[in-house]
Amino acid sequence: MAQWQEIQQLEKAYLEQVHRLYSEDHLPMEVRQYLAPWLEDQNWNRAAEPPAAEPRSSQAHMLFHTLLALLDDQYSRFGASENDFVLKHNLRKSKLNLQARYQECPEQLANVIANLLREEKAILSRGLAAQQATAQPPASAPMETDRQQKIGRRLGEAKAAVQELDREVRHLEELQDTFDFRYKLHRMVANDAPPSPELARQTEQLQAMLNNLDRSRKDILARVQELLGRCETLRDFLLEELAEWKDRQRRACIGAACDTSLSCLETWFTGAAEVLFQLWRLLRALGDQHVKLTYLHDPLAAQRPLLESRLQEQLSCLLRSAFVVEIQPIMPFPNRRPLVLKTGSKFSVRARLLVKLQDRSHRLEVKIILDQHPPDVKGFRKFNILTSTSKTLVQDDPQMEGLVCDFRHISLKDQRAGASGKGSKGASEGLLAVTEELHLITFTLDYKYQELVLELQTSTLPVVIISSNNQFSSAWASVLWFNMLSPDPKNLLFFSAPPAASWAQLAEVLSWQFSAATGRGLDKEQLHMLAEKLFGPEATPASTLTWAKFAKDNPPTFSFWTWLDGILNLIRDHLAQLWKDGHIMGFVSRKRERQLLKRKQMGTFLLRFSQTSREGGITCSWVEPGEKGQPKVRSVEPYTKVELTSLPLPDIIHDYQLVAAENIPENPLKFLYPSTPRDEAFGKYYTERREVDLLEQRKYLNRRLIRVSSRQPHEPWLPENMVAAPPAAEGLAANHLEALEPGASHVEALEPGACGLEALGLGVYELESLEAGANYLEALEPGAYGLEALGLGAYGLEVLEPRRCWSRGPVSRRCCSRGPVSWSRWSRGPDSWSRWSRGPVLKRCWRH
Amino acid sequence: MGQGFGCPEKSRKSEPALNQSMRKAEDGEEGREEAVERGDKKLRALCGVADLNNGAIGLYNMGLSCCLNSLLQVFFMNTHFTVILRRIKVPTVDTEQKKSVPYQMLLLLEQMQRSKQRAVYPHQLVRCLTLHNLKLFVQYDAAQLFLSLWNLIKSQITDGQLADRLTTLYTIRVQEYLVCQKCSFETKRDSNMLTLPLPMFNSCSQRLKTLEDSLCCFFQPELLTDNNMCLCEHCERKTPCLQGMRLACLPHTLTLHLKRFYYRKSSWTQKISYCLPFPQSLDFNQILTQEQCHPDAKEKADWQYDLFGVVAHSGLASFGHYCAYIRSLTEGKWYCFNDSSVCQVLWDDVKCTYGNSHTHWGETAYLLVYMRKNPQ
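Line order of the protein sequences matches chains Y and E. Just so we're aligned, residue 1 is where the first sequence starts under the working numbering, counting upward by one. Just so we're aligned, residue 1 is where the second sequence starts under the working numbering, counting upward by one.
Isolated chain E (complex conformation):
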């Protein structure tokens, strides 16, 4: 398969100085690799027919680390993220280097780009994550791991401005409100979210038909009564309340989380594998009503999104495998990242992750990453 891997290369060009400094920190295998590279280049120049570079690079499974691998690929294929990653301050002390998640990620990214192999081992990064209590051989929930990973990255970026950029790139800002049904007193609270946890069922336990329906349902205000009643400051007692959410700001990279796993009392975690189609492009202006948007919400015209990545889960809730489908931002082609194996796929393959009620082991989308449409 002769696919290119345009995006990271572009950013590499923009940061040559950093690259130089990075090289030194690399393992000692460079000499040999370069020799091979030279031979390769020669051949490539000779033929001039194809890009011999294998392109997208896989990551070896280090022991149930398919979840981590998928998330890493989603991070790495996102040029908006890698631009930030490449600007981080490299820790000077060796021990700090080993503990720094963003730095180790950067190293891994470099390694992947220069690798002549089809896949590389994320040894260092995994070791680094272990220091932060993210252990190997544990089945992670991709949504949880995404939060942990992101928080680690953010907290370890020392440059405040850069950290802010990362925050803007990923966080969704909403305003939660609670309206007392007795006195109409409204309590508001702004909050930030990294993902929108979208339900598979509506409040009446009916299956939601599409992602759009699920989003609508998520922003649907809910009436809290009986046991769920809240204390109203105004009435000074528990009253029935209307609880809801107004969308204030959507980030450039929007992560949606389908709540396919659910816990039943006295039973294992179950996976819901029925079909929930998601679109390739999403326009929030068509989904949300005026009341569901924050009055101050700006850039509403920009609330147009294209699907960028799908982290899909196959298998059972307690025993499964993750892989990632990612659309290359430069070529617009879809790739499937299955640990060390990477291949180009079609939208039909991505559609396969909509789910199917008749199969239990097949791939179903779990995290959906949407990217804001380019203004052009």
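The following block holds chain Y by itself, in its conformation from the complex:
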């Protein structure tokens, strides 16, 4: 934007300064206003201070007269309206004043204008600085860092400087042409005519002009030199900014939530490249001037090559670093875990050039290569990239921003076709296991712009190539370890001697795994438990874990990572919402669990991940009164994906029953730690129960599965310190899948434990006749009463009448244990059931 326009947008205080600047009649403001662009485009400094020997103020004279002519021009453009009348008058007056004042000394006017422009510039920069300072605090956008502000400012300065240089180069050309013309004229005359004082004076004048030219050339070169220096700093800032982006991207790859947008960097890189390319054009223009006219000790001859080399180096450096991988290779499934590729599976990857210049006339083609420089390791696998290996950079794709090259639907193929994979070769052949072998995908771009030809290259982060899905977990462990620890993003032999990770590093990365998968990371307590699990009670942030301990399975035991990834899968597939909402404490040691629960109300429970399950398991632990009034903590055998697939955890919790010899079955899970009532915490996750429409005739009664544990009276609770013993570690033994809720053709009911009581088939007929359906069971709270009730039913229907009667535990147990006999007896009695089937009555009695 033109200086004058910018000035008018300044704040009041600064406008006041401008007004003061124009308060004396050195130059009327209307002149400044009408001729703003022209005034700003002239070299007033040189007109004001011509070199000593130059014909006095010729330049100033010329400018002065042009100015007057332009004013006339402006004057004639006014119409005849009333408003214009005053303007016309003022402008005429200004013109006459100027003429009267500076006719004899136009260089003074030049000096005044030069000073005014300089002053304006100073006011402008102060005004803008103040604006920036005040605009900073309420900015809604994320706070710019100090460096980002510096980059913005510097870029602005560089652009302004290069514009000014551009102007000067043009003036220099004019100057040179004038000299050239006069010199040739002079030579023609001098050749023919004998030496005369007139000729000598002309020679002197020409010498002065040449001196002036020389000075201007030196000036320009010095300023290019200066601008290059400033740009070098700018470039360094940009590289630092880019390095931070790369670091953010690396962390984002392994799950951190980082902003990896490139738009800011693109603006900066493009801006910087534009400045440098313009400078490059200017240097060429200077080169042309040098060809046209040169002389002894021409500064252009001595300094321009140096400047060109330096500029070219800067440009190359900028462009090379501007070629980046925007999206690291990723397979569409399973997502969120980039950098692991499976042979034969499609993946995508995107490269981007941050210098996005307009009017590119060259087609830019990107080639993709896998393992350009494979490490010299025995057994290092080789792959082909299938389908296309080159693609054109697209500039104006409306769907994407930036100058990108999107490789999609490409896949890898092992070069040894039909090879059985590395696994079969064993460790003896290759140094590295499949999941520890790192590969690089490299992009090459032949860049061409304005006679600058460069080969740009960029590489992805190392990828792990697997051939089977079961390698995925350990491949991901490699990706984590590498990106957490490798100082060199291209070190393909990282795993030949992988460094150990400190707990501080690892904790962060582990937490990212959870937050990336579910949106909730690990809290301090959970991490503390993991640290203790890994390092024992003396864990500190500086404790270190080796790669082998982290991820190497050593059958029959399994590694920390295998365990954790199992849990991650369990959460992702079955517990995402519960985990996200923070209902799962998850990582808590048994000791800590006891500490927490003992102090709580009886019936308080928490959810904890099993430490011994390879697949990932989750268990409930609750506190209940034990012997001698001591609170006891009990846990149920962990649920794994096998169970959770058929029954969601909230429902399990809701319907959970403890069948005990000495008391009636009940749900021991009453309050979620610390003290949230169970249904309040889990209510919204319960599977919706279908209310039975009594009027509707239904073919089946609906049913649901519930979980029950029982305790044999002869089977005492383990002493607490022994609870950790492996087989029993997860709590009550064998509670089996059991069922209730009448509805289907039969009801499965499992007697606790070893008895393995098979489900008893109630004939369809019988159950249907129950009619009350689900209501019946729901009415019974907690659900497992139903089991008892059925058992009771065998005993005699009369007993059922008042609810109190059949709720006596021992009786029900007895009848239950009679099992088959009584059931079978039962099932033979359709008549008796049909009596029941007068729903409403019966229902009432169950309900009360």
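To be clear, the hints were calculated from the coordinates, so they are not data collected in a lab. Idealized CB from N, CA, C, for every residue including glycine. Check each hint, because a few of them may be wrong.
If the Cβ cut is set under 10 angstroms, some of the chain Y residues that face chain E in the computed set are [as the list claims (entries may be wrong)]:
no. : residue
1   : 208
2   : 212
3   : 215
4   : 223
5   : 230
6   : 233
7   : 236
8   : 297
9   : 302
10  : 306
Using the hints, position chain E against chain Y.
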């Protein structure tokens, strides 16, 4: 850019008498310049908003004289130096005036301060230096040229006391020692240095990481064996010796010279452009051990320095350009002097001269000038 140029003005006020005498010797352009100045002053009084004086003034490149220009700016921006320069006795004879380097420097300084241009030509001074065999159109090494220039100035200051002041301002005094490893006989020798030539590599050819490391390495004693053995007076034969240096006195203006150029047999001079960071303030008490200081060293508490100037080289060893980054002593702001172009810069720009192994044409610091911290 509205930067002031406070330092020389202050000293100008302190020496009005000299200024008067100087004026006469100036070129005849004064009349016109003054006229312009009058107009300027008027405008300045009118606006009262900014300092119209362009401040720091550049020097035109007279033909590969960027090296000289940079050094001159480092001299001129140093008020401690200009105070001395302004006290010199003006030679009476015209031919002597033309030959006197300090006098020509003084003239140039005056010219720069009164110039309305952004830059001036150091014509006279360059002509004067040519008389002393410092030719134009020759690529100079800044460190070498600094020595030559300084020696010329010093030798031409006729006032002995003033010359001593100049010496104190710039010279580093060290004690070199040689200890025979056979008989522990120690030979000592005091010597003066203008610059400390600091290595880029340690004795095992490993890259030094920082300026501090380089200083440590410089003062590290070296064991001379085999071919390098020295004659021990005591043993009366060549013996392995330990050679080292003890620092006795550091001057107010301390010049450090990074040995970025090195000669390889059968090859051109090469430039080492890798990164060697230097600090803005330097405390020698933290760098040197007790043994590396002279036992009589006084004022050790004053061995605290702030960076004042950097003479930076860009380009190749045989083909390059010099510029100077100087921190104005009055304002504390950094300026970059690039021949006729002068601009205010930030410390970030100065940091850019640390060097970079990936670029060959960029600016790298070559001479570092540190100034003793003010006691305040």
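Hint check:
no., hint, in the structure
1, 208, "violated (14 angstroms)"
2, 212, "violated (12 angstroms)"
3, 215, "holds (7 angstroms)"
4, 223, "holds (5 angstroms)"
5, 230, "holds (7 angstroms)"
6, 233, "holds (5 angstroms)"
7, 236, "holds (6 angstroms)"
8, 297, "holds (5 angstroms)"
9, 302, "holds (7 angstroms)"
10, 306, "holds (5 angstroms)"
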